[in-house]
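Asks: Build out the structure end to end from the sequences listed, making use of the hints.
So the sequences go chain by chain: A and B.
Under numbering that gives the first Met the number 0, think of the first position of the first sequence as 0, with each following residue one higher.
Under numbering that gives the first Met the number 0, think of the first position of the second sequence as 0, with each following residue one higher.
Treat the hints loosely; a few may be bogus.
Heads up, the list lumps identical chains together, so a pair's fine if it works in one copy or across two of them.
To be verified - Below are the DSS-like pairs computed for lysine-lysine, each with C-alpha atoms no more than 30 Å apart in a straight line: (1) LYS27 <-> LYS37; (2) LYS379 <-> LYS402; (3) LYS27 <-> LYS351; (4) LYS28 <-> LYS351; (5) LYS59 <-> LYS295; (6) LYS295 <-> LYS351; (7) LYS351 <-> LYS59; (8) LYS27 <-> LYS47; (9) LYS47 <-> LYS59; (10) LYS28 <-> LYS47; (11) LYS59 <-> LYS37; (12) LYS52 <-> LYS295; (13) LYS173 <-> LYS251; (14) LYS28 <-> LYS52.
No wet-lab data here; the hints were simulated from the structure.
Given the structure is predicted, the values throughout are model-derived calculations rather than measurements.
2 protein chains.
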Amino acid sequence: MSLTNGEHSPTMKKYLEKNVFAEGELLKKILDLTLQEKLTTKDDEERKVVNFKHPHELQKILPLSINYSGCQSIEEIENILQQVVRYSVKTSHPHFYNQLFGGVDEVGLSAAWLLEALNTNVYTFEAAPVFVILEHYMVQQLCRFFGWDGGDGIFSPGGSISNMYSIALARHYKYPETKESGLFGRKELSHYSIQKGASFMGFGSNQVVVVPSDENGRMRAGALRKTIHRVKEEGREPLIACWGGAVILSDKHKHLLKGVESHENLVYGLADSIAWNPHKMICVALQCSAFLVKHKGLLSECNRSGASYLFQQDKFYDVSFDTGDKSIQCGRKADAFKLWFMFKIHGLDVFKKRVENAFEAASYLEREIENRNGFRLVLKQRECTNVCFWYIPPSLRGQPDTKEWWMKMHKVSDVSEARKPTRQLFIYLFQTIDLTVFGNIHDENTSLWHQLLRAGWSRKVLSWWGINPSNANTL
Amino acid sequence: MSLTNGEHSPTMKKYLEKNVFAEGELLKKILDLTLQEKLTTKDDEERKVVNFKHPHELQKILPLSINYSGCQSIEEIENILQQVVRYSVKTSHPHFYNQLFGGVDEVGLSAAWLLEALNTNVYTFEAAPVFVILEHYMVQQLCRFFGWDGGDGIFSPGGSISNMYSIALARHYKYPETKESGLFGRKELSHYSIQKGASFMGFGSNQVVVVPSDENGRMRAGALRKTIHRVKEEGREPLIACWGGAVILSDKHKHLLKGVESHENLVYGLADSIAWNPHKMICVALQCSAFLVKHKGLLSECNRSGASYLFQQDKFYDVSFDTGDKSIQCGRKADAFKLWFMFKIHGLDVFKKRVENAFEAASYLEREIENRNGFRLVLKQRECTNVCFWYIPPSLRGQPDTKEWWMKMHKVSDVSEARKPTRQLFIYLFQTIDLTVFGNIHDENTSLWHQLLRAGWSRKVLSWWGINPSNANTL
Numbered sequence: 000m001s002l003t004n005g006e007h008s009p010t011m012k013k014y015l016e017k018n019v020f021a022e023g024e025l026l027k028k029i030l031d032l033t034l035q036e037k038l039t040t041k042d043d044e045e046r047k048v049v050n051f052k053h054p055h056e057l058q059k060i061l062p063l064s065i066n067y068s069g070c071q072s073i074e075e076i077e078n079i080l081q082q083v084v085r086y087s088v089k090t091s092h093p094h095f096y097n098q099l100f101g102g103v104d105e106v107g108l109s110a111a112w113l114l115e116a117l118n119t120n121v122y123t124f125e126a127a128p129v130f131v132i133l134e135h136y137m138v139q140q141l142c143r144f145f146g147w148d149g150g151d152g153i154f155s156p157g158g159s160i161s162n163m164y165s166i167a168l169a170r171h172y173k174y175p176e177t178k179e180s181g182l183f184g185r186k187e188l189s190h191y192s193i194q195k196g197a198s199f200m201g202f203g204s205n206q207v208v209v210v211p212s213d214e215n216g217r218m219r220a221g222a223l224r225k226t227i228h229r230v231k232e233e234g235r236e237p238l239i240a241c242w243g244g245a246v247i248l249s250d251k252h253k254h255l256l257k258g259v260e261s262h263e264n265l266v267y268g269l270a271d272s273i274a275w276n277p278h279k280m281i282c283v284a285l286q287c288s289a290f291l292v293k294h295k296g297l298l299s300e301c302n303r304s305g306a307s308y309l310f311q312q313d314k315f316y317d318v319s320f321d322t323g324d325k326s327i328q329c330g331r332k333a334d335a336f337k338l339w340f341m342f343k344i345h346g347l348d349v350f351k352k353r354v355e356n357a358f359e360a361a362s363y364l365e366r367e368i369e370n371r372n373g374f375r376l377v378l379k380q381r382e383c384t385n386v387c388f389w390y391i392p393p394s395l396r397g398q399p400d401t402k403e404w405w406m407k408m409h410k411v412s413d414v415s416e417a418r419k420p421t422r423q424l425f426i427y428l429f430q431t432i433d434l435t436v437f438g439n440i441h442d443e444n445t446s447l448w449h450q451l452l453r454a455g456w457s458r459k460v461l462s463w464w465g466i467n468p469s470n471a472n473t474l
Numbered sequence: 000m001s002l003t004n005g006e007h008s009p010t011m012k013k014y015l016e017k018n019v020f021a022e023g024e025l026l027k028k029i030l031d032l033t034l035q036e037k038l039t040t041k042d043d044e045e046r047k048v049v050n051f052k053h054p055h056e057l058q059k060i061l062p063l064s065i066n067y068s069g070c071q072s073i074e075e076i077e078n079i080l081q082q083v084v085r086y087s088v089k090t091s092h093p094h095f096y097n098q099l100f101g102g103v104d105e106v107g108l109s110a111a112w113l114l115e116a117l118n119t120n121v122y123t124f125e126a127a128p129v130f131v132i133l134e135h136y137m138v139q140q141l142c143r144f145f146g147w148d149g150g151d152g153i154f155s156p157g158g159s160i161s162n163m164y165s166i167a168l169a170r171h172y173k174y175p176e177t178k179e180s181g182l183f184g185r186k187e188l189s190h191y192s193i194q195k196g197a198s199f200m201g202f203g204s205n206q207v208v209v210v211p212s213d214e215n216g217r218m219r220a221g222a223l224r225k226t227i228h229r230v231k232e233e234g235r236e237p238l239i240a241c242w243g244g245a246v247i248l249s250d251k252h253k254h255l256l257k258g259v260e261s262h263e264n265l266v267y268g269l270a271d272s273i274a275w276n277p278h279k280m281i282c283v284a285l286q287c288s289a290f291l292v293k294h295k296g297l298l299s300e301c302n303r304s305g306a307s308y309l310f311q312q313d314k315f316y317d318v319s320f321d322t323g324d325k326s327i328q329c330g331r332k333a334d335a336f337k338l339w340f341m342f343k344i345h346g347l348d349v350f351k352k353r354v355e356n357a358f359e360a361a362s363y364l365e366r367e368i369e370n371r372n373g374f375r376l377v378l379k380q381r382e383c384t385n386v387c388f389w390y391i392p393p394s395l396r397g398q399p400d401t402k403e404w405w406m407k408m409h410k411v412s413d414v415s416e417a418r419k420p421t422r423q424l425f426i427y428l429f430q431t432i433d434l435t436v437f438g439n440i441h442d443e444n445t446s447l448w449h450q451l452l453r454a455g456w457s458r459k460v461l462s463w464w465g466i467n468p469s470n471a472n473t474l
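Replies: Here it is in structure tokens:
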């Protein structure tokens, strides 16, 4: 190989000559495709949300196979890119109604592209000076939104991991010795959070205690108090985990988070940590999840392992900015930058409006459902923008909802027929719900079928949780 | 608000009018910036790798503050973007030597941009049909590279999480009941892997058993056998975790993974899982981590929680492609696409060459170090492309390396002076190493100082682990 800086070895030369595109050409193609295919445009609802193909069909259609020599022409590459876009879901489409996320914001997408181009890792200040400072700033800002002064936090790869952080911190706060000695031989602990986290982290899913909720699906403060009392009497120790939401940005709706903020104390005990996923209602490109902690220092204490090859303490700069050892990851994306850039460019008023717009849209949908024959709201009082409803077929309308009536609801013909996205103009979500959650029905097999295509609601269909700012405006 | 599809509510109208840039304009700016600032170009070594500022300086320089009204002009936005780029590390620079990752490949970056624009989530086939199929294909392909037919796998947010997956699976394979009952009351378990994972997952870091390595830093197969025997005698149960590497792509170097592949059995016991981070030697944009499992079905068994609102079983398509319940995440990025796209466009030969090029560069550096006065290699035989060496100041050269000599090495003046990136033409990594790892020296405070700037090696400096394909060619 060449020993002179700047010259290339024979193998690398061959590689460079082989390239079938000029420098930057492929990146330009992606920009063109993004604009031509309107991947970030929200107002073209006549296009299909998806060209649906079954898995086995798509396996045949897509040019899956890889080989040793790669692509030989730019046309071949273009064709691959077009196939990928053609059969992908257009998540920014106004009729994409998903319970988790919606379309991406162009400002947020710009930030995401720049992040990818800079390709760095926020594990040390040295590797990502700008992004480490921005994450530090955003964590402080978000804590202040919730009334915490001097809290701490970290951006994690999603809400599930954030929830695991909260469990780990609660365990460490109560039993710091478990960091080294583990859970072996301890008394049992309890907490409410995802079962996965409990299994993954060695508690076991049996330790998850479900706290009863009221008729609107809200956790009952009294029941929480009783549950905590009960598990303590059983000799177990309760761990309280986290909650979150973009409504903190709206003066009109932030009261929904009372009890999480430090100003009020409506729920028994104040939250010690908050998991907020701006990749949901804020429309930051997936992934963007903030995990905030009220207790400064706890995150580091809990997760620090002090690997000297990563986190040297004798550097020439202030190593307190090397935040990597707070994390359970090593490589970690600078997701905080996307949120900061969106707040910076748009200003907070835009997000306030977006949140309020989504709430308005949810109210509108609720009124429509109440006034439309054959539909019934699941909850009397909505807590957020999630609108849940039943579809009642003509033969079952106007009858008392006895146990027998619910059994018949269960017999409504299979949803698969109704849900086939033949028109492909929208995607929404349905859920098979155990009705015992919603009433006194005890048949665990009773299910909800959304026969909405059949019902002629194809342009107005909404699902379990579906409204967010990227589709609120098309209702 | 407007009830007609396509029209905008007053709040949204105001928001849309407020935008200070035309549709697509900001994305074009990012492309221009990427090309102008040569963020993906690897052959301009005269530019600075970083404009270094201390954390407190950068906090003053960056326009951190956010407000309610946002930016009022495109110039303001451009200025922000330029500041972000100016003070960020140019990780694609030929003199960026990091132990974890290097510059991004343009093909991989194109895939990353498209992924961000499509903004989807690989938790179900329905939400990400193309990317779910591609991940499925890549997992099968990667398993085949390692000689496994019919294995399973998942792309995770980094190697640390992959290692936790491997621990979770090993625990589940041996003790499936712990998924529900937790670790409470169990006999203690042991494994070797990251301490963080052990703490996070409830084992406790004390359970991590270190297996002795030979003089070249390789785990001793005999010692591993003895360690397993010993912990079993202590009434504990060993869990074997994972290993990985891009060398599988090179016929010349893949023998280094013997024992991991199923063809050979050089190490005691074959690997049950492999963690491979293509965001390291393959230069995929961070994050791209594959976790592969030999035992089909185990990943799903171990992590499944069956949340009905996410993973309905009565859909109209083959739900075995809804891979989300294998994961401990809910929202998960389609990182597999980036790797697939790079393999597809470049062809596997390019990666073979890149890997071999990095090995050649490491050999060249090794020879240079051996022949240069005042430098000494740490390992007699290099295992991968990581070249580790000591710098010996003139006053300590030509003397026997007694305990006293090593003590003097420790007194070499502080590295912080030597390492200040005043010229900012390269970034490399140093590590304070406990010398007991490398010999019979028992002073735990003895440290390694890389005084390389002072030594005049500014253009040839290499660090602990530093060579990968994005910088191999500039040696």
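Asks: Run every hint past the structure and note whether it holds.
Replies: To see whether the hints hold, each was checked on the structure:
1. In this assembly of identical chains, LYS27 and LYS37 lie within 30 Å of each other by CA distance both inside one copy and across copies; the values are 15 Å within and 14 Å between.
2. Taking the shortest alpha-carbon separations for LYS379 and LYS402, only the intra-copy value of 20 Å comes in at or below 30 Å, while the best inter-copy value is 78 Å.
3. Only between protomers do LYS27 and LYS351 lie at most 30 Å apart by alpha-carbon distance; the minimum there is 27 Å, versus 34 Å within a single protomer.
4. In the homo-oligomer, the alpha carbons of LYS28 and LYS351 lie at most 30 Å apart only across protomers (27 Å), although the nearest pairing inside one protomer, at 35 Å, exceeds that limit.
5. In the homo-oligomer, the alpha carbons of LYS59 and LYS295 lie at most 30 Å apart only across protomers (23 Å), although the nearest pairing inside one protomer, at 53 Å, exceeds that limit.
6. In the homo-oligomer, the alpha carbons of LYS295 and LYS351 lie at most 30 Å apart inside one protomer (28 Å), although the nearest pairing across protomers, at 47 Å, exceeds that limit.
7. Within a single copy, LYS351 and LYS59 get their C-alpha atoms only as close as 46 Å, which misses the 30 Å cut-off; across copies the closest is 28 Å, which meets it.
8. For a Cα distance limit of 30 Å, the shortest separation of LYS27 from LYS47 qualifies both inside one copy, at 25 Å, and across copies, at 26 Å.
9. Proximity of LYS47 to LYS59 under the C-alpha cut-off of 30 Å is restricted to the intra-copy arrangement: shortest distance 21 Å within a copy versus 48 Å between copies.
10. Proximity of LYS28 to LYS47 under the C-alpha cut-off of 30 Å is found in both arrangements, the shortest distances being 22 Å within a copy and 29 Å between copies.
11. Taking the shortest Cα distances, LYS59 and LYS37 sit within 30 Å of each other inside one copy (26 Å), while across copies they are farther apart (38 Å).
12. For the homomeric pair LYS52 and LYS295, the shortest alpha-carbon distance between copies (26 Å) is at most 30 Å, but the shortest distance inside one copy (50 Å) is not.
13. For the homomeric pair LYS173 and LYS251, neither the shortest alpha-carbon distance inside one copy (36 Å) nor that between copies (53 Å) is at most 30 Å.
14. Taking the closest pair of Cα atoms, LYS28 and LYS52 come within 30 Å of each other only inside a single copy of the chain (25 Å); across copies the shortest separation is 35 Å, beyond that limit.
Figure legend: structure checked against the earlier numbered hints; the only hint not met is number 13.
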